[in-house]
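Chain order of the listed sequences is R and D. When we follow numbering that gives the first Met the number 0, the leftmost residue of the first sequence carries the number 0, and every step to the right adds one. When we follow numbering that gives the first Met the number 0, the leftmost residue of the second sequence carries the number 0, and every step to the right adds one.
Please keep in mind that the hints were generated in silico from the structure rather than gathered at the bench. Do not rely on the hints blindly, as some may be mistaken.
Claimed, not checked - Some chain D residues flagged as far from chain R (calculated, every beta-carbon gap over 10 Å): (1) ALA44; (2) PHE47; (3) ALA49; (4) ASP99.
As the list claims (entries may be wrong) - Incomplete in silico selection of chain R near chain D, CB under 10 Å: (5) ARG261; (6) PHE285; (7) PHE289; (8) GLY290; (9) ALA371.
Unchecked claim - Where chain R lies over chain D, by a calculated footprint (3+ residues, C-beta under 8 Å): (10) 59 to 71; (11) 78 to 85.
Please read all numbers here as calculations on a predicted model, not as lab measurements. Beta carbons are placed, not taken as given, at the ideal position from N, Cα and C, and that holds for glycine.
So the chains spell out like this:
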Amino acid sequence: MKVSDYVLERLRDWEVEHVFAYPGDGINGLLAAWGRAEDRPRFVQARHEEMAAFAAVGYAKFSGRTGVCAATSGPGAIHLLNGLYDAKLDHVPVVAIVGQTDRSAMGGSYQQEVDLLSLYKDVASEFCEMVTVPAQLPNVLDRAMRIATTRRTVTALIIPADVQELDYEPPAHAFKQVPSSLGVPHYAPVPAEEDLARAAAVLNAGEKVAMLIGQGARGARAEVEQVADLLGAGVAKALLGKDALPDTLPYVTGSIGLLGTRASYEMMRDCDTLLVVGSSFPYTQFLPEFGRARAVQIDLDPSMVGLRYPFEVNLVGDAGEALRRLVPLLEPKEDRTWRKTVEDNAARWWEVMERRAEVSADPVNPEYVVHALDALLPDNAIVAADSGSAANWYARHLRFRGGARGSLSGTLATMGPGRRTRSARSSPTRTARRSRSSATARCR
Amino acid sequence: MNGLAELITAAKYYREWSDPRLVVAVLNNHDLNQVTWEMRAMQGAPQFEASQSLPDVRYADVAQLFGLYGARVERPEDVEVVWRQALAADRPFVIDFRTDPAVPPIPPHASWDQIKAAARSVLKGDSDRGAVVRQGVKAKIQEFLPGSGGK
């Protein structure tokens, strides 16, 4: 068994089903191994490495699993970068496997020789390693998978072409050898009890509570609804969290920010308490004015918590676990006046959207195009929007219902990802929306 | 434009998908529209045609060339019909919606300054000119119509 055979075997052991890739002679060893392995995991061929990376990111965003992409040395590795940054900035796990020239040519200013360790140092800052001897495997591959998955980021493995062709030798039971094992156990961090109590005190003291949720709240729909009901709160959604809660709930004000709704804007302007769950929405000017609201944040990542706003209490933990523990500490708000105001504003917004869609244009009003889709969108649709003016209409006119999913390049706001390659493992309708009107950082 | 090339990828694989539906909607307005609006709103700058204007591409024809379905929509009354066709198709479907670049993505706080900036840019010789002002006023006015609560 060659190193390249072993890499594919280990990916299968990690239950990787697809590798989104584009071939090149820097990974010829891997391609030959793919042939021997009867295309397992499935090699999904894009037209360009950047799009292969977007496909891996889309797979990660919509499946909740870790995406894997592969490319050749030099130009192939360079092309992957933009797609990989989309994963890094939106915090989804993607592993990149790239080739490199033979070890004997390194440092020789050789054909297609690029210093990939330096090039990938930023995008794969959490883990980027070159395999120079077979016994580094499976450890470095296992770490690439595990770190990408648990830190929801990009990791990279660089495998020189000649190393791919070496006979595989596992690490021995000896000094300077690093054996490894598979898998990421399930876990969910929980905030400390005293922090939960402090958070509850802030939320109980408020009379006008606004919630802002992001993609981190996606797995906590029931808990978000329960807490919003107890607090009489309205819920605004950051763009990456658009599918975290159905827009059909009357107290959901929809998107926030420049692409957002007037209802979200007014809720943030007028609230006295803010609860942010699983979002790093960057535009502070769309949050309450400083000193006007007391704020609590729940975030999974201790290095991201406290960012973007002067929060009074920061809870580090899984959204669902934290909210479940918060519920018994919350006092139900008897006065529903605020909730009613939020609901009225949200309802008014949808009426405004209806009318804006009806405005005549030359020849077709783009708002009408998306508004018309809203009524037809299946409950299990997967919607990918590209960056640009189309993202406005995606944010404002589409109401996700049921299990509909949606995403875009939320933080990098790059053009390109609207046409992500779909995977073969699930079946809902894909709707990709592109705009020949695009390419700007205005995507929140 | 990378997305256009990836239609080839969709054409290559869709027969293997458990659900072959993939709808790609292009809002074809011949303009790099969001950046154009940012220029108008933030710098009050007129549209720089050399950077902002995009050639018309027959996206639906390209899709058909690749073996997919495609349709161009140039009339509002066809919008819903074609969405329905695409959502019921047995393969990927590209809809080329010919949309108006003059429909403004008015921000939720819609300051009059920004609307004025847009108007200034138009006066300075923006190619969309009258259409932009007309469309902006028409869209904003919807928030103040009777029955919407008035404010």
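Consistency of the hints with the structure:
For ALA44 (chain D), the condition that its CB be more than 10 Å from all CB atoms of chain R holds, with the nearest at approximately 15 Å. Taking the minimum C-beta to C-beta distance to chain R, about 14 Å, the non-interface status of PHE47 (chain D) holds against the 10 Å cut. With a least beta-carbon separation of about 15 Å from chain R, ALA49 (chain D) lies farther than 10 Å from that chain, consistent with its non-interface assignment. Here ASP99 (chain D) does not stay apart from chain R, with its beta-carbon only about 4 Å from theirs, under the 10 Å limit.
Against a cut-off of 10 Å between C-beta atoms, the interface hint on ARG261 (chain R) holds, since the closest Cβ of chain D lies about 5 Å away. With a cut of 10 Å, the hint placing PHE285 (chain R) at the interface with chain D holds, because the nearest CB-to-CB distance is about 8 Å. With 10 Å as the threshold, the beta carbon of PHE289 (chain R) stays out of range of chain D, its nearest partner Cβ sitting at about 17 Å, so the hint is violated. At a threshold of 10 Å, the smallest CB-CB gap from GLY290 (chain R) to chain D is about 19 Å, leaving the interface hint violated.
Checking ALA371 (chain R) against chain D: minimum C-beta separation of about 5 Å stays under 10 Å; hint holds. Under a criterion of three residues with beta carbons nearer than 8 Å to beta carbons of chain R, the stated coverage of the region 59 to 71 of chain D fails, only 0 such residues being counted. Residue count for the region 78 to 85 of chain D with a Cβ under 8 Å from a Cβ of chain R: 4. That meets the three needed, and the coverage hint holds.
Checked against the numbered hints above, the structure violates hints 4, 7, 8, 10; every other hint is satisfied.
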